[in-house]
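The lines below spell out each chain.
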Amino acid sequence: DAKTTQPPSMDCAEGRAANLPCNHSTISGNEYVYWYRQIHSQGPQYIIHGLKNNETNEMASLIITEDRKSSTLILPHATLRDTAVYYCIVRVGMANAGKSTFGDGTTLTVKP
Amino acid sequence: DAGVTQSPTHLIKTRGQQVTLRCSPKSGHDTVSWYQQALGQGPQFIFQYYEEEERQRGNFPDRFSGHQFPNYSSELNVNALLLGDSALYLCASSLNEKLFFGSGTQLSVL
Chain Z
178 DAKTTQPPSM DCAEGRAANL PCNHSTISGN EYVYWYRQIH SQGPQYIIHG
228 LKNNETNEMA SLIITEDRKS STLILPHATL RDTAVYYCIV RVGMANAGKS
278 TFGDGTTLTV KP
Chain F
54 DAGVTQSPTH LIKTRGQQVT LRCSPKSGHD TVSWYQQALG QGPQFIFQYY
104 EEEERQRGNF PDRFSGHQFP NYSSELNVNA LLLGDSALYL CASSLNEKLF
154 FGSGTQLSVL
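Top to bottom, those sequences are chains Z and F. Sequential numbering of the first sequence, starting at 178, is according to our numbering. Sequential numbering of the second sequence, starting at 54, is according to our numbering.
Derived from the structure by calculation, the hints contain no laboratory data. Predicted model only: the values in this text are computed from it and were never measured. Keep in mind that the hints are not guaranteed to be accurate.
To be verified - No more than 16 angstroms apart at the CA atoms, straight line, and that leaves these computed lysine to aspartate or glutamate pairs for EDC-like:
(1) Z:K276 to F:E150
(2) Z:K276 to F:D83
(3) F:K151 to Z:E208
(4) Z:K276 to F:E106
(5) Z:K246 to Z:E208
(6) Z:K276 to F:E107
For reference, chain Z alone in the conformation it holds in the complex (with noise of 0.2 angstroms):
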């Protein structure tokens, strides 16, 4: 699986558009980038993942760029719920679900 780099941290006011980066330089043609938070106490939840194309759900918005080395995920009106830990996977799409590789993803803290 590619390795994916993430900031250690980021802040966002509430109401307004957290935008969370996500590097994967190494990604193969085959690897899907997938997103997950985890709230305080909390297993990981799944929020949403994609190819190439932008896809968007009922919990947030991913943005891959054309060359597939990055990607955004943007939740469009952040609330105090929303502070979680924010992970960004990269890996073979239907496959081997079970084995994903996590960093230490990113810390987002919205702030009132």
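Starting from the structure of chain Z, add chain F where the hints point.
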């Protein structure tokens, strides 16, 4: 629909002891993976079970072993506990590409 459930939630053991952690996957999920999460770090993959067999393993010693039952539930066993085994142990079940995690078992080794 119950999600992934783990037991116990907290556990205290002493060095050299053995421990068994349990996990019930989300309904309909047939694959279970175990992760170890040290304080301040991301989860590290231990192993994955599918059809009652260990299918993949991370960089963990043989002291870490597991089992999957016909109902897809799973156990993680750790023998000869070390202080460094103190961590949050997470179970995740999957169907296709998404992982669903439990809240974990916090293991403290004294």
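For each hint, the structure was consulted:
1. Between K276 (chain Z) and E150 (chain F) the CA atoms are separated by roughly 11 angstroms; this keeps the pair inside 16 angstroms, and the hint holds.
2. Distance restraint check for K276 (chain Z) and D83 (chain F): the Cα-Cα separation of roughly 15 angstroms lies within the 16 angstroms cut-off, and the hinted pair is therefore satisfied.
3. The straight-line distance between the Cα atoms of K151 (chain F) and E208 (chain Z) is roughly 14 angstroms, inside the 16 angstroms bound, and the hint therefore holds.
4. About 15 angstroms separates the Cα atoms of K276 (chain Z) and E106 (chain F), which keeps this hinted pair within 16 angstroms; it holds.
5. Between K246 (chain Z) and E208 (chain Z) the CA atoms are separated by roughly 11 angstroms; this keeps the pair inside 16 angstroms, and the hint holds.
6. For a cut-off of 16 angstroms, the pair hint linking K276 (chain Z) to E107 (chain F) stands: about 12 angstroms separates their Cα positions.
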